[in-house]
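From first to last, the protein sequence lines stand for chains A and B. Mapping of the first sequence onto my numbering: position 103 corresponds to residue 103, and the numbering continues sequentially without gaps. Mapping of the second sequence onto my numbering: position 20 corresponds to residue 20, and the numbering continues sequentially without gaps.
You may find that some hints are simply not true.
Any copy will do: because identical chains look the same in the list, a pair fits if it lies in one copy or spans two.
[Stated by the list, open to error] Quick list of in silico lysine to aspartate or glutamate cross-link-like pairs, EDC-like style, CA-CA up to 20 Å:
#1 K92 to E351
#2 K191 to E149
#3 K123 to E68
#4 K190 to E260
#5 K343 to E88
#6 K29 to E173
#7 K339 to E351
#8 K31 to E285
#9 K343 to D136
#10 K31 to E88
#11 K29 to E285
#12 K59 to D171
#13 K59 to E194
#14 K190 to D127
#15 K92 to D350
#16 K190 to E149
#17 K27 to D171
#18 K92 to E249
No lab work stands behind these hints, which were simulated from the structure alone. Computed from a predicted model, the values in this text were never measured in an experiment.
2 protein chains.
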Amino acid sequence: MISQAVNDRAPVLELDLMPESFFRIEKTKGKARLGRLTTPHGEIETPVFMPVGTLASVKGVPQDTLEELGAQIILGNTYHLYLRPGVETVRKMGGLHRFMSWPRAILTDSGGFQVFSLNELRKVTEDGVTFRSHLDGSSHFFSPESAMEAQIGLGADIIMAFDECTEFPADRERTRASMELTLRWAARSKKHFEEHKNEVPWGGRRTSDLRPQKTAELRSAGLPGEAVPTCSDQTQALFGIVQGGMDRELRRESALRTVEIGFPGHAIGGLSVGEPRELTREIVESTLEHLPVDKPRYLMGVGTPQEIVEYANLGVDMMDCVLPTRAARHGLLFTSEGKVSIKQARFAQDEAPLDPNCGCRVCQRYSRAYLRHLYASNEVLAQVLNTIHNLSFYLDTMRRVRHSISLGEESSSLSGVWSRPKP
Amino acid sequence: MISQAVNDRAPVLELDLMPESFFRIEKTKGKARLGRLTTPHGEIETPVFMPVGTLASVKGVPQDTLEELGAQIILGNTYHLYLRPGVETVRKMGGLHRFMSWPRAILTDSGGFQVFSLNELRKVTEDGVTFRSHLDGSSHFFSPESAMEAQIGLGADIIMAFDECTEFPADRERTRASMELTLRWAARSKKHFEEHKNEVPWGGRRTSDLRPQKTAELRSAGLPGEAVPTCSDQTQALFGIVQGGMDRELRRESALRTVEIGFPGHAIGGLSVGEPRELTREIVESTLEHLPVDKPRYLMGVGTPQEIVEYANLGVDMMDCVLPTRAARHGLLFTSEGKVSIKQARFAQDEAPLDPNCGCRVCQRYSRAYLRHLYASNEVLAQVLNTIHNLSFYLDTMRRVRHSISLGEESSSLSGVWSRPKP
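With the hints as constraints, model all of the structure from the sequences given.
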């Protein structure tokens with residue numbers, strides 16, 4: 001079935017990297033897929049949107065609120081966590097889940113994107129990348145091996161091969177060379193991961209109870225102070241990343257050769273780097289054709305509410321983006337009636353909820369006037385409430401997409417709202 | 001009973017300003033009193049600690065979390081709210097409770113303290129104070145009448161007479177002149193309040209349901225979009241403020257003459273302005289002797305956890321302080337084991353909860369290591385979680401004080417912890 005759906009250059013041989021049940025597709029509608037990812041920290045219904053929690057925190061939102069919002073998986077940034085608090089600290093604390101008290105799934109990126117986007121003085125060799133910390137200018141080195149070591153130490157459920165994010169624009173020669181480097185790094189990432197995957201801090205157990213109080217109780221009772229192991233054979237899942245710039249042919253080649261290396265899931269990287277939105281969509285659509293249908297496809301760093309619906313309908317299973325959280329901090333709110341810039345004076349005495357069709361705790365309790373006041377007064381609660389609402393909107397949007405697929409409907413209604421001109 | 005307990009210069013005549021049931025003392029132990037304040041927005045068990053919500057927000061804490069923490073009454077700052085969002089906006093929105101969606105009680109200060117502490121260029125005349133906004137330098141004027149107008153428009157349950165906060169140090173002549181001015185302003189405040197108290201935005205009704213969704217539903221059903229009136233005769237309570245600097249004799253005179261004007265409650269102002277702690281305590285203790293025992297006594301701007309216990313034991317019923325919220329923003333946390341500066345490197349890998357004896361949602365879920373990481377990384381969640389814990393500690397402390405009084409115990413155990421040297 002796999003080899004039929006993929007281009008004939010795709011490998012027939014698939015390594016048994018993950019349990020049969022890692023990803024199950026339960027229903028399809030057109031190219032859209034309703035699926036289920038099984039991780040050591042819970043099941044994830046796909047298509048899924050993953051809130052970004054760069055430094056082991058989705059900025060301003062307590063973990064219990066994230067749970068209440070229905071976040072199934074969040075993303076941590078390896079580059080940032082490597083610098084602060086440091087991989088060794090997180091590893092000693094039992095991994096990211098335990099460190100931040102987040103019992104559900106986590107994905108970490110490879111660090112590659114941040115090394116490239118935050119470092120103008122980076123130096124790339126065959127071996128890896130030398131870069132300077134954006135915090136103190138200190139010099140550091142990431143290779144496929146050290147990026148795997150960092151991600152194994154952090155202990156996310158899904159981790160990413162170390163890649164070079166090709167800059168935009170780039171000519172064909174440069175794009176091919178970059179793609180080839182990413183392919184060699186992908187093979188090295190996989191090799192290192194396979195040799196060290198049992199070193200994950202929660203290896204052999206699942207931390208079903210992460211409360212420090214619980215740990216203290218267990219310790220005072222003479223027990224090791226850790227939750228009881230419930231599973232002995234769980235490891236992380238390493239995904240490969242497709243590069244190839246804005247060249248459809250190179251994207252095809254990158255996809256097929258990445259698949260050939262053998263990963264339980266595949267990401268499309270190197271997009272949203274400054275190219276026009278139509279080009280992003282074209283590259284995503286053509287790349288998806290070359291990825292196995294029975295493995296999860298993760299589109300990195302995308303996008304607007306409209307885009308996440310569109311890409312889910314194209315067959316993308318996982319997406320992440322800083323947009324809902326970053327926009328919230330700038331007072332830009334997503335609603336069922338379009339975008340709202342809450343700083344505007346016209347909301348100063350508006351008693352209505354931000355989004356009359358939203359059931360989140362912000363829309364249920366506060367008025368636009370109050371949210372406008374908090375933002376205008378630079379109150380921290382503005383960031384907290386705005387972020388809660390925007391995440392709620394994104395997570396609800398994806399929930400509706402899943403519901404539409406399960407009903408066999410095209411989930412295009414939201415796109416309609418989002419392509420309407422602003423009132 | 002009143003005149004017996006108060007110095008013989010105290011007035012025998014007490015105006016019937018508030019319903020008999022505004023303040024009831026249910027039990028006493030030594031000088032400490034267990035009481036109950038009945039406001040248009042709920043009952044308050046005293047002694048009570050009031051979290052400070054300067055700009056209609058306790059910085060970083062959503063209102064539902066404040067409710068969960070058991071905050072019975074919060075404080076708003078008239079000076080700040082007058083500048084942003086402006087009294088007229090709040091009044092049109094139905095008052096502070098409705099504006100910020102806080103159904104429980106609110107107290108506003110007179111604006112006097114901020115005018116004096118934030119304005120170096122203020123100009124005081126018999127009429128009032130001219131000052132410049134700390135935001136844009138614009139010129140403004142507060143008088144007893146305009147301060148009442150502002151506080152009636154904001155619509156807090158308890159409001160304060162406009163006073164001059166005497167600077168420290170000040171000689172006797174200056175202190176007496178300032179005290180006399182405050183007394184004249186107190187009489188003017190009361191006169192204006194009595195003439196305009198029915199203009200409170202929620203006058204004649206209690207907003208039992210403040211949700212904007214509810215308002216929208218009511219409006220779409222052709223109803224006025226406001227909660228149903230439940231009470232027709234409720235107004236705000238205006239408290240007088242005792243000044244008199246650090247002079248016990250002037251404090252006595254200020255107390256007796258303030259009481260004579262006739263208020264349903266009395267505040268002790270002009271303390272915590274730079275004087276030694278022992279002097280604060282001495283002045284509070286001597287001033288309390290001259291205040292009626294059957295009316296609530298509010299000590300403004302105090303203090304540490306140790307101090308709020310001590311002052312409750314001296315017979316103070318209400319206290320407010322920015323310490324728990326401000327210290328939280330600087331990583332200074334109050335625990336049953338003493339103060340913790342969470343930024344310290346020694347907590348980097350400390351898996352224990354912040355306070356093993358605390359039941360708040362922060363101590364139940366997160367480790368010191370995680371809180372330290374959030375603070376060191378300048379994450380907004382640090383402020384949110386630190387503030388929740390510190391408020392929980394203060395509110396729990398006061399809950400324990402009330403419990404001790406109800407059991408007939410001296411609530412001095414906490415003071416013991418707080419006077420212990422740091423480990």
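Results for each hint:
1. Taking identical chains as interchangeable, the C-alpha atoms of K92 and E351 lie at most 20 Å apart only when they sit on different chains, with a minimum of 10 Å there against 49 Å within one chain.
2. In this assembly of identical chains, K191 and E149 lie within 20 Å of each other by CA distance solely inside one copy; the values are 12 Å within and 74 Å between copies.
3. Proximity of K123 to E68 under the C-alpha cut-off of 20 Å is found in neither arrangement, the shortest distances being 43 Å within a copy and 52 Å between copies.
4. Taking identical chains as interchangeable, the C-alpha atoms of K190 and E260 lie at most 20 Å apart only when both belong to the same chain, with a minimum of 12 Å there against 84 Å between chains.
5. Proximity of K343 and E88 under a CA criterion of 20 Å is satisfied inter-copy only: 19 Å between copies versus 42 Å inside one chain copy.
6. Proximity of K29 to E173 under the C-alpha cut-off of 20 Å is found in neither arrangement, the shortest distances being 38 Å within a copy and 86 Å between copies.
7. For the homomeric pair K339 and E351, the shortest alpha-carbon distance inside one copy (18 Å) is at most 20 Å, but the shortest distance between copies (42 Å) is not.
8. For the identical chains of this complex, K31 and E285 are intra-copy neighbours only, at 10 Å inside a copy versus 77 Å across copies, given an alpha-carbon limit of 20 Å.
9. With identical chains, the CA atoms of K343 and D136 are at most 20 Å apart between copies only, with a shortest distance of 18 Å across copies and 34 Å within one.
10. For a Cα distance limit of 20 Å, the shortest separation of K31 from E88 qualifies neither inside one copy, at 42 Å, nor across copies, at 55 Å.
11. Taking identical chains as interchangeable, the C-alpha atoms of K29 and E285 lie at most 20 Å apart only when both belong to the same chain, with a minimum of 16 Å there against 76 Å between chains.
12. Taking identical chains as interchangeable, the C-alpha atoms of K59 and D171 are never at most 20 Å apart, the minima being 37 Å within one chain and 51 Å between chains.
13. Taking CA atoms no more than 20 Å apart as the test, K59 paired with E194 passes in neither setting, with 33 Å inside one copy and 48 Å between copies.
14. Taking identical chains as interchangeable, the C-alpha atoms of K190 and D127 lie at most 20 Å apart only when both belong to the same chain, with a minimum of 15 Å there against 79 Å between chains.
15. Taking CA atoms no more than 20 Å apart as the test, K92 paired with D350 passes between copies only; the shortest distance there is 10 Å, against 50 Å inside one copy.
16. Taking the shortest alpha-carbon separations for K190 and E149, only the intra-copy value of 11 Å comes in at or below 20 Å, while the best inter-copy value is 71 Å.
17. For a Cα distance limit of 20 Å, the shortest separation of K27 from D171 qualifies neither inside one copy, at 40 Å, nor across copies, at 83 Å.
18. For a Cα distance limit of 20 Å, the shortest separation of K92 from E249 qualifies neither inside one copy, at 45 Å, nor across copies, at 62 Å.
Violated hints, in rising order: 3, 6, 10, 12, 13, 17, 18; the structure is consistent with all others.
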